[in-house]
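*Asks:* Residue numbers (the working numbering), protein chains in the order written: chain A, 1131 to 1384; chain B, 1131 to 1384.
Incorrect hints may have been included.
Intra- or inter-copy, both count: the list cannot distinguish identical chains.
To be verified - Here are the computed lysine to any residue pairs in the SDA-like style, where the Cα-Cα straight-line distance is at most 20 Å: (1) K1201 to A1367; (2) K1201 to R1374; (3) K1201 to R1215; (4) K1201 to A1169; (5) K1201 to A1378; (6) K1201 to D1366; (7) K1201 to R1211.
Since the hints were made in silico from the structure, they are not lab data.
Read off the chains here:
2 protein chains.
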Amino acid sequence: MNSLAFDRGLHYGDGLFETLRVADGVAPLWDWHRERLLAGCARLGLPAPDDARLRRAVRSLSRLHRDSVVKLLWTAGSGQRGYARPSEPAPRLLASARPWQPLPAAALSLRWCATRLALQPALAGIKHLNRLEQVLARAEWNEDYDEGLMLDMQGRVVAATAANVFVRRDGQWLTPPVAECGIAGVARRWMLDTHGARECELSVADIESAEALVLTNAVRGPRQVGRLGARRWRADAGVRRLRRSWDALFAGRP
Amino acid sequence: MNSLAFDRGLHYGDGLFETLRVADGVAPLWDWHRERLLAGCARLGLPAPDDARLRRAVRSLSRLHRDSVVKLLWTAGSGQRGYARPSEPAPRLLASARPWQPLPAAALSLRWCATRLALQPALAGIKHLNRLEQVLARAEWNEDYDEGLMLDMQGRVVAATAANVFVRRDGQWLTPPVAECGIAGVARRWMLDTHGARECELSVADIESAEALVLTNAVRGPRQVGRLGARRWRADAGVRRLRRSWDALFAGRP
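Taking the hints into account, I'd like the entire structure generated from these sequences.
*Replies:* This is the structure we're talking about:
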């Protein structure tokens, strides 16, 4: 068995990941990915990766595919048996890329997931490797939906399995806080920092009564939801503006 | 990168594990380990491992060390990107062993952990690979304690980071249920099935007022706690009887 077989990422999910879109060799939101990774290291008590090393990894992968989706894993590295980390942990960086594939711009069809997210402030917000809740939620459907929305244990809306969720109410974009569960997505930050979105607790009724509903992630950007159960939303001019702004970012015109 | 780098166990903790003690080439509690692994597969929706294949893995490792601690990982195998499992998952079995090392029989010194366990019935009881809560709890101390006790989000006692906990009250052994968090340990089952222990919600006060306190896991068996904060417990005849019963199991005299 090679040493990856003894990696604490595999044995305990002791690590973090980032998934980012690289366009023409450039990752426009790199600084935010890096900041989130560092915040995750601080929370988990892991040594932080060297920025130059991360950039080298992304650069060498983007030579393979100029337009790609890069995934970085930063694990606690190999360890002796047991939950205690080695006194001098040697984290492991794993980087991989797949070619970027555009998706049709069609509005998304969503469902509600039965699997709920546990409340765990110690792990909320960061992109750690303990993702069984998302795996179980995603296993609730096959190809008949694009995504599923998840509630927390108290019935509040949190996110889709692999995207943050935004509703528009009275012209204002709103998204649930991520202090108790959920992930502080990089495209979520883009909505908050550059498009005036705000954090707000959201109920199922808030979702269903929204003027428009959008899912965001760092790979696909903002995408409009067209359908959730019996509810339908028409193509929306505000969402199209968001979309153009996102696409400009990846076309080198931020 | 080899295929383990794309394993869903590493990327999402999508898998299960078992850690068992092998004595003179025999794993006396094998059936219970296997049953728990199968229960975990059913819960996560993973194909179950073939019993003969598992037994072969344990047998071939026990040729290396007749007295050993064997760890089995059963992951969802390699997958495409994303939380959705492949339509035909090909789980991966990873097996490793280290020589058995007896520990001194000294009573354990415990602390309370600040890290709490989230309530998640969908994952409670099974031995899955999402163990960051235990990693964070174990990182709260260095070598100054043997173990730490963890509470759930509602302040109920659940377990130590790598062992179940039993208190004796009026001569009766009691342990917390594992329906909302915690792991259904194999040595816990031995206490319930063959030593008359019962499930019961336990508070911090219940722990501190116990006649005797015991930690159990499948590798080390029942071990008496001698110290928790300011509280001390003397060596106890009932715990010694438990200990003899456990040792007999691994000496081939069940």
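*Asks:* Hint by hint, note whether the structure agrees.
*Replies:* Hints and how they fare:
1. Neither within a single protomer nor between protomers do K1201 and A1367 lie at most 20 Å apart by alpha-carbon distance, with minima of 32 Å and 56 Å respectively.
2. Taking the shortest alpha-carbon separations for K1201 and R1374, neither the intra-copy value of 25 Å nor the inter-copy value of 51 Å comes in at or below 20 Å.
3. Taking the shortest Cα distances, K1201 and R1215 sit within 20 Å of each other only across copies (18 Å), while inside one copy they are farther apart (24 Å).
4. In the homo-oligomer, the alpha carbons of K1201 and A1169 lie at most 20 Å apart inside one protomer (17 Å), although the nearest pairing across protomers, at 32 Å, exceeds that limit.
5. In this assembly of identical chains, K1201 and A1378 lie within 20 Å of each other by CA distance neither inside one copy nor across copies; the values are 22 Å within and 50 Å between.
6. Taking the closest pair of Cα atoms, K1201 and D1366 never come within 20 Å of each other, the shortest separation being 32 Å inside a single copy and 54 Å across copies.
7. Only between protomers do K1201 and R1211 lie at most 20 Å apart by alpha-carbon distance; the minimum there is 9 Å, versus 27 Å within a single protomer.
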